[in-house]
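A.B. asks: Listed below, chain by chain, are the residues.
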Amino acid sequence: GNSVTQMEGPVTLSEEAFLTINCTYTATGYPSLFWYVQYPGEGLQLLLKATKADDKGSNKGFEATYRKETTSFHLEKGSVQVSDSAVYFCALSYGNNRLAFGKGNQVVVIP
Amino acid sequence: EAQVTQNPRYLITVTGKKLTVTCSQNMNHEYMSWYRQDPGLGLRQIYYSMNVEVTDKGDVPEGYKVSRKEKRNFPLILESPSPNQTSLYFCASSLSFSDTFYPYNEQFFGPGTRLTVL
Chain H
50 GNSVTQMEGP
60 VTLSEEAFLT
70 INCTYTATGY
80 PSLFWYVQYP
90 GEGLQLLLKA
100 TKADDKGSNK
110 GFEATYRKET
120 TSFHLEKGSV
130 QVSDSAVYFC
140 ALSYGNNRLA
150 FGKGNQVVVI
160 P
Chain Z
2 EAQVTQNPRY
12 LITVTGKKLT
22 VTCSQNMNHE
32 YMSWYRQDPG
42 LGLRQIYYSM
52 NVEVTDKGDV
62 PEGYKVSRKE
72 KRNFPLILES
82 PSPNQTSLYF
92 CASSLSFSDT
102 FYPYNEQFFG
112 PGTRLTVL
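Top line first, the protein sequences correspond to chains H and Z.
Residues in the first sequence are numbered consecutively from 50, following our numbering.
Residues in the second sequence are numbered consecutively from 2, following our numbering.
Hints were generated in silico from the structure; no laboratory data involved.
The beta carbon of each residue, even a glycine, is placed where N, CA and C say it ideally should be.
Any given hint could be a false lead.
Pairwise CB distance ranges, derived in the manner of DEER restraints [claimed, not checked]:
#1 H/63 / Z/68: 21 to 29 Å
#2 H/65 / Z/11: 34 to 42 Å
#3 Z/11 / H/63: 29 to 37 Å
#4 H/61 / Z/78: 34 to 42 Å
#5 H/61 / Z/17: 36 to 44 Å
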């Protein structure tokens, strides 16, 4: 089947720290991979995407590389800000425009 | 402004009282979908629609109905709500595969509807 696994638990870190959120996937075929972000009280927004192996998606200082050999798409940012506090979802696309989401990680950045 | 709108944003109701959550998009998207978000479970798809009059079940369709009579609207109907349907609901839309050369489909999400069933 198609599924996404994100690391357990919230992530709390200080401003300017390095952020990593792990994401691994199981899929049939060759899915596209996404990171969505949900700010408090809002819907999800696409943060970045990658459509094939070794592609690197990037946006707003965040990066993730599509690693087929390790079936991973880890999200990284070198220096987080308080405004990056949000819930982050990893997702993959499969047949009929469908998305499979991970459970999400709450990120809290402390000034 | 391109957007997906949902109404109501907040709703408290009682078990068994039929309700409808509306969803509308102004981007001429063929594809629309409903998700529910629950703590520790992420987003799970309820129903989706590839185009007008074409709908299909997602991962958790039990207790829900949908219809797609117009391209822009995709209402979610709870005929007899129960407390286990208390959740945060999101509508989303995107272009279908046939309308883009890109092998991905960015889904645009509405702001969410927080439903409480007592």
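A.B. asks: Decide, hint by hint, whether the structure agrees.
C.D. replies: Hint check results:
Between residue 63 of chain H and residue 68 of chain Z the Cβ separation comes to about 49 Å, which falls outside the hinted range of 21 to 29 Å. Range check, residue 65 of chain H to residue 11 of chain Z: about 36 Å between beta-carbon atoms, so the 34 to 42 Å window is met. Remark: the range hint 29 to 37 Å for residue 11 of chain Z to residue 63 of chain H is upheld by a beta-carbon distance near 34 Å. Between residue 61 of chain H and residue 78 of chain Z the beta carbons are some 40 Å apart, a value that agrees with the proposed interval 34 to 42 Å.
Between residue 61 of chain H and residue 17 of chain Z the beta carbons are some 42 Å apart, a value that agrees with the proposed interval 36 to 44 Å.
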